[in-house]
Each structure stands twice: as C-alpha cells, then as structure tokens.
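S.K.: Listed here are the chains, written in short residue letters.
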Amino acid sequence: MNKENINPYPGFAEASDAKLGALLRESRVSPALPPRFQEGVWRRIEEAAAPVKVTGGITWLDALAALVLRPRLALATAAVLMVAGALFGVRDGSQSAHQDAQARYLAAVAPNSLR
Amino acid sequence: MNRSLVILLGALVVCVALFGGSYAVSRRVCQNCMAKSVSDLDWLQQEFHLSGVEMARIQKLHEGYLPKCAEMCAKIAAKKSELETALGGTTNVNPVAQQKLAELASLRAQCQAQMLQHFTEVSQTMPPEQGRRYLAEMQRLTLGLHEQTIEPSMSGAAGHEHHQH
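Line order of the protein sequences matches chains A and B. Those letters in the first sequence? Residues 1 to 115, by our numbering. Those letters in the second sequence? Residues 116 to 280, by our numbering.
For the record, the hints were derived by calculation from the structure and aren't laboratory data. One or more of the hints may lead you astray.
If the Cβ cut is set under 8 Å, some of the chain B residues that face chain A in the computed set are [to be verified]:
id: 1; residue: Y138
id: 2; residue: A139
id: 3; residue: R142
id: 4; residue: M149
id: 5; residue: D155
id: 6; residue: Q161
id: 7; residue: F163
id: 8; residue: Y180
id: 9; residue: T257
Source: prediction; values computed, not measured. A virtual CB, placed ideally from N, CA and C, is assigned to each residue, including glycine.
Modelling step: build the complete structure from the supplied sequences, incorporating the hints.
M.R.: The structure is reproduced here in structure tokens:
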C-alpha cells in the first residue's frame, strides 16, 4: 500500500525545520569550558594510550612476589624445605648419637684420669 | 615499605622457620630414638660392624675388665687425695709430695697398661682389619697416638668430656 504525501507545502516545512533548529541551538545554554580544556583532554588521552612505566627493580620484585604467592608453588616449596630439614636433622642427629655412643664407650673403658 | 618486598621477606622468614623447625625436630627425635636402647658397647657394634657372636665375646671381656678398671680408678683417686694432702699449704714440692707423684704416675701407668691389654684382647675378637682399626682408634683416643693416621670421621668424640669411674 502506497503512502501519499499529505503535506501540500513541502518547501514551507523545510524552512520551518531550519528555523526551529536554529531556535533550539540558541536556547541551549552551553557553559564556558575551563581554561586549557582541550589541552587537558589530549593529555589524558595520551596518558591512557601510553604503556605503564615502572622501574626495572619493582617489576622484578613484583614478579617474584606474585610467583611466591602461587599456592601450588608455595606448598611445593614448603614440602621440599620440610623434607630437606628433616633429612639434614636425621643425618646430624644420627651423627651426634654416634658420637655420644663413642663417648659413652670411652667413659666406660678409659676414665678421664688416664687421658 | 614496598608490598612485594614485604611479601618476599615474609616468605623468606617462613622458609627459614620451616627448614629450621623440621631440622630441629627431626634431629631431636633421631637423637632420642638412638639414645633409648644404647649400652656402652653399641658404638663398637655400629662402628666396626660386629656380629652377635663377636659382640657376645666383647661383652664378656668388657664385663671382666670393668671391675679391674674401677679398682685402679679408686686407687688413683686415693693417691690423688694423698698427693693433695702432701701439697696442702706448702709453696714448694716436698719429698713426700714427690713420692706421691711418683706413686700416682706408677698407678696411672699400670692402669693404662691394663687398659691397653683390654683393647688388645677386644681387637683380637674382631675381624683382623676391624681389630687393627679399633686398636689404632683406641690408642689415639686414650693416649693421643696415631693422630695423623685416623680418618676425620672418627675424631668426633676426641674433645668430649667423660665421666670418671
């Protein structure tokens, strides 16, 4: 079904819209921009686009700290340390007990007054 | 302070505590376990890898030697006491004190000879190589002989304090 143009004065309507638009633009109150607004906008855009700058030391520390905080790695490290500590402890404990046993034998067969 | 640094320092402290704690606990447990059932002769069995039969012979020798050793020790202690009395209050070594010193030295020599005889008898109950090693080790520990010939692993108790009979 075709729609018929019911406006008998098409030229008049266009002129009327232009006038209305101009009136509306005039009626809008646009506040004054702060000083150096445009410069500030560009600066913020540049900052957002630029990569984050950090010093080398902090990056290294942060990476290491992040590594340390990984639960799996932390648990594995703790387990390894405990096992290593236990092994060294058993080794030293048995050596110490061996020396104590030697001292006990010596005390039995060779009193201090002879040595 | 930087947060990462705090985390790393904390982790380091935890690591040290974990290692140190497990080391101390296992060392103590190991020492306690090994010290529970030891007799005077356990060291011989461990160090010289002796059999039950050899240990039984050594045990017999040991039990025979101990009363003689205690008797000599008592004589030495009594002679020391006499020497102390002879030296008491004087500023020079008088003839009595000299005589006591000579008697004490003689007693010590007798006791050492008896001790060396015991070591020899014990060494003869061991396999030849272990017997030689035992004898050398005992001479080193009691008389200071063979100082250079003994391996460092066996020198642990040289500085230990021992009780007198």
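S.K.: Let's test the interface hint: is any C-beta of chain A closer than 8 Å to that of T257 of chain B?
M.R.: holds (4 Å)
S.K.: For the hint on M149 of chain B, just tell me whether its beta-carbon gets within less than 8 Å of chain A.
M.R.: Holds, because the Cβ-Cβ distance from M149 of chain B to chain A comes to roughly 4 Å (cut-off 8 Å).
S.K.: Can the hint on A139 of chain B be confirmed by a CB-to-CB distance to chain A that is less than 8 Å?
M.R.: holds (7 Å)
S.K.: With a cut-off of 8 Å on the beta carbons, see whether R142 of chain B makes it to chain A.
M.R.: For R142 of chain B, the interface hint holds, since the closest Cβ of chain A sits about 4 Å away, which is under 8 Å.
S.K.: Using 8 Å as the Cβ threshold, decide whether Q161 of chain B counts as touching chain A.
M.R.: Holds - the Cβ of Q161 of chain B comes within 8 Å of chain A, reaching about 6 Å at its closest.
S.K.: Should the hint that Y180 of chain B touches chain A count as held when the rule is a Cβ pair under 8 Å?
M.R.: Holds, because the Cβ-Cβ distance from Y180 of chain B to chain A comes to roughly 7 Å (cut-off 8 Å).
S.K.: Given F163 of chain B as an interface hint, is its Cβ closer than 8 Å to any Cβ of chain A?
M.R.: violated (11 Å)
S.K.: Taking the least C-beta to C-beta distance, is Y138 of chain B closer than 8 Å to chain A?
M.R.: holds (4 Å)
S.K.: A closest beta-carbon separation below 8 Å is what the hint needs, so does D155 of chain B meet it against chain A?
M.R.: holds (4 Å)
Checked against the numbered hints given earlier, the structure breaks only hint 7 and satisfies all the rest.
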